[in-house]
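Visitor: The residues making up each chain are set out below.
Protein chains: 2
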Amino acid sequence: MRGAVLYGPRDIRFEEREAPKIVAPTDAIIRIAVTCVCGSDLWPYRGLQPIQGPTPMGHEYCGIVEEVGSAVKSVKPGQFVIGSFATSDNTCPHCHYGYQSSCVQREFISRAQAPVLRVPQADGTLVPTPGVPPDEMLPSLLTTSDVLGTGWFAADAANVKPGSTVAVVGDGAVGLLGVLSAKQMGAERIIAMSRHDKRQKLAREFGATDIVTERGDEGVARIMDLTNGIGADSVLECVGTQESMMQAIHAARPGGYVGYVGVPHEVELNGEALFFEHVHLHGGPAPVRKYLPKLIDLVWSGKINPGRVFDLTLPLDQVADGYRAMDERRAIKALLRP
Amino acid sequence: MRGAVLYGPRDIRFEEREAPKIVAPTDAIIRIAVTCVCGSDLWPYRGLQPIQGPTPMGHEYCGIVEEVGSAVKSVKPGQFVIGSFATSDNTCPHCHYGYQSSCVQREFISRAQAPVLRVPQADGTLVPTPGVPPDEMLPSLLTTSDVLGTGWFAADAANVKPGSTVAVVGDGAVGLLGVLSAKQMGAERIIAMSRHDKRQKLAREFGATDIVTERGDEGVARIMDLTNGIGADSVLECVGTQESMMQAIHAARPGGYVGYVGVPHEVELNGEALFFEHVHLHGGPAPVRKYLPKLIDLVWSGKINPGRVFDLTLPLDQVADGYRAMDERRAIKALLRP
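Protein chains in written order, with our numbering: chain S, 4 to 341; chain E, 4 to 341.
Bound conformation, chain S alone (with noise of 0.2 Å):
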């Protein structure tokens, strides 16, 4: 089996490695019907985030079961299922309160650009879809996994209500599906901040109702007029840098919400900064067990088609070229084809 391995700075190899077994009674082997590249792939990709050595890639995915431990009991080979980025048992008290990302058996999937991935707590894990889906649901359905469950968790962190007026920072896959999501959750305003055309399209597309092109103090300001010089009820922040947290934090208005989820890197807030701005800060990374079947349910029915986002496909073994359109902004998101 070949699958997609991180050796250092913009250095992605596909190339053989060992074939995924049942180690666990509690795992489940699944053949991945697609699979991606995600923003936060970049961030070693580019660099910037340290790697221990060569490092195999990949944590959102989909696809059949075609094998699972003796203890496994609510899927079964044949099946299609949708699993989170990280693993979860769905019964201890962090998953009881509905935070399945901080599992007490949680495991981050890194391995899923591949064409077969272990998965472990498969019963806590994964949530089959109501059968096997139609070729062109995949992208949809993939959404789901990660960057639509992420989008929509930075949403319901930021309390998005109907009527609210949200602003989200961000235009990469996350920041367009927390557009989606925010739609979804009844907002009546949704400024996206993005100076990319393609972008802006989809945001629209996507539901929202005016764009900010600049960014910082200057980005900040044009969401304050555009809101009466109140600030939004929520803001959605999809990047994780100090210049997008600040921006977030400063869009919102007091009493407003910031829901992020962009993973942090390099920034700092300061507290007494933060006390007078007033707002209410959450984020993480997203239990997206939490909200699989209904996200699931949400794409089954037609009613949202988030995999609009991937404007690249490419067979598995061309993963290098997809990481690299991403990197270069030409891509929003790029779709892997076992």
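No wet-lab data here; the hints were simulated from the structure. Everything numeric in this text was worked out from a predicted model, so none of it was measured. You may find that some hints are simply not true.
Stated by the list, open to error - Covered stretches of chain E, as calculated for chain S (at least 3 residues, CB under 8 Å):
1. 31-45
2. 97-107
3. 267-274
Claimed, not checked - Derived CB-CB ranges, DEER-like:
4. 320/E <-> 231/S: 45 to 51 Å
5. 111/S <-> 246/E: 26 to 32 Å
6. 276/S <-> 246/E: 17 to 23 Å
7. 76/E <-> 200/S: 53 to 59 Å
8. 101/S <-> 273/E: 21 to 27 Å
9. 19/S <-> 273/E: 52 to 58 Å
10. 246/S <-> 20/E: 44 to 50 Å
11. 273/E <-> 27/S: 30 to 36 Å
12. 164/S <-> 201/E: 43 to 49 Å
13. 208/S <-> 110/E: 43 to 49 Å
14. 271/E <-> 111/S: 33 to 39 Å
15. 16/S <-> 269/E: 43 to 49 Å
16. 21/E <-> 231/S: 52 to 58 Å
Said to hold, decoys possible - Here are the simulated DSS-like pairs of lysine-lysine, each with C-alpha atoms no more than 30 Å apart in a straight line:
17. 164/S <-> 297/E
18. 297/E <-> 297/S
19. 306/S <-> 204/S
Where a beta carbon is used, it is the ideal one built from N, C-alpha and C, also for glycine.
Assemble chain E onto chain S, guided by the hints.
Guide: Chain E alone, transformed into the frame defined by chain S:
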């Protein structure tokens, strides 16, 4: 008129100042019944917060209206009133959202350790009591002006609900009244962190079910023990140091809430660490004005007795002794009578 003025570290003087007068038509002049020293007054008193020359002090107050400006409609001379430490017009969008302490017309009161005080935005800042209160009710009524309102906001920001497990970091008057607030909101378990005998006793009287004497990592470990390794649903941060803030964040379960009201001093939060803690964070200057009617009612009806935090009563001209006793932690909070 004489009032308290801070000249430098541990140099507080009670000296002649000009008596306040109506400046704007929205002002009121109040004859102070009782005032007090706030934990936050200790930061500049200790030289840990710079001051620009001699600084009049005091921001907790209640008393009888003596005079109002021509535009004031909702309070009149002779009424007993209580106001927030932050003025508000109570009509701007931030006020409407319940964040009166971020009112567009906000000013911070800072001359209340005196017999007479000018309060700007009187209509939006002051709340009259049902009548002139008996003398023994004054301490409890005074707490609604800041220290109780702030403890209440800590519990509210930390999402305390009936049945919640709550931890309170800080055994100053705000922390102790955070315990009382959590109890009022129906918390089932309230863990107070204190190593001070008298404060532990008052915490228990206010509703604490458990006392943790350990601090830092050991204190967090103790809270984990007490919550079966899960962490608290709600943590009230009532200090404002790096250590107390991290203690609060670590003591909350993933998905739990940290309400922080201790004005942060040299606190820096690492974005990535916060991300993986998975907590909700909210705080800032308490919107006391929002809570005043409810808190006055709770005191007036005898349901709560927050004035118990005052364990030292001094004539106003001995204000310096009040600061000293609190600085040395001999007193929890000093009441001052003009």
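Visitor: Now tell me if each hint is right for this structure.
Guide: Tested hints:
Residues of the segment 31-45 of chain E with a Cβ under 8 Å from some Cβ of chain S number 0, which does not satisfy the need for three, so the listed coverage is violated. Figure legend: the segment 97-107 of chain E, annotated as covered by chain S; annotation consistent (6 residues with Cβ-Cβ distances under 8 Å, at least 3 required). A stretch counts as covered by a chain when three or more of its residues have a beta carbon under 8 Å from one of that chain; for the segment 267-274 of chain E and chain S the count is 8, and the coverage holds. The supplied range of 45 to 51 Å is met by residue 320/E and residue 231/S, whose beta-carbon atoms lie about 49 Å from each other.
A hinted range of 26 to 32 Å holds for the C-beta pair residue 111/S and residue 246/E, which are about 30 Å apart. The hinted window of 17 to 23 Å between residue 276/S and residue 246/E holds, with their beta carbons roughly 19 Å apart. In this structure, residue 76/E and residue 200/S meet the distance hint of 53 to 59 Å, their C-beta atoms being roughly 54 Å apart. One distance hint, 21 to 27 Å for the beta-carbon pair residue 101/S and residue 273/E, holds here, with the actual separation near 25 Å.
Hint check: residue 19/S to residue 273/E, Cβ distance near 39 Å, so the stated range 52 to 58 Å is violated. At roughly 46 Å, the beta carbons of residue 246/S and residue 20/E sit within the given window of 44 to 50 Å. Restraint check, residue 273/E to residue 27/S: a C-beta distance of roughly 33 Å satisfies the suggested window 30 to 36 Å. In this structure the supplied range 43 to 49 Å holds for residue 164/S paired with residue 201/E, their Cβ-Cβ distance being about 45 Å.
A hinted range of 43 to 49 Å for the beta carbons of residue 208/S and residue 110/E is consistent with their spacing of about 46 Å. Remark: the range hint 33 to 39 Å for residue 271/E to residue 111/S is contradicted by a beta-carbon distance near 27 Å. Taken as a hint, the range 43 to 49 Å holds for the pair residue 16/S and residue 269/E, whose Cβ atoms sit roughly 46 Å apart. The hint said 52 to 58 Å for the Cβ distance between residue 21/E and residue 231/S, and at roughly 39 Å that hint is violated.
At roughly 27 Å between alpha-carbon atoms, residue 164/S and residue 297/E fall within 30 Å of each other, so this suggested pair holds. The hinted pair formed by residue 297/E and residue 297/S fails the criterion: a straight-line CA distance of about 40 Å is larger than 30 Å. Taken as a hint, the residue 306/S and residue 204/S pair is honoured in the structure, with Cα atoms around 19 Å apart against an allowance of 30 Å.
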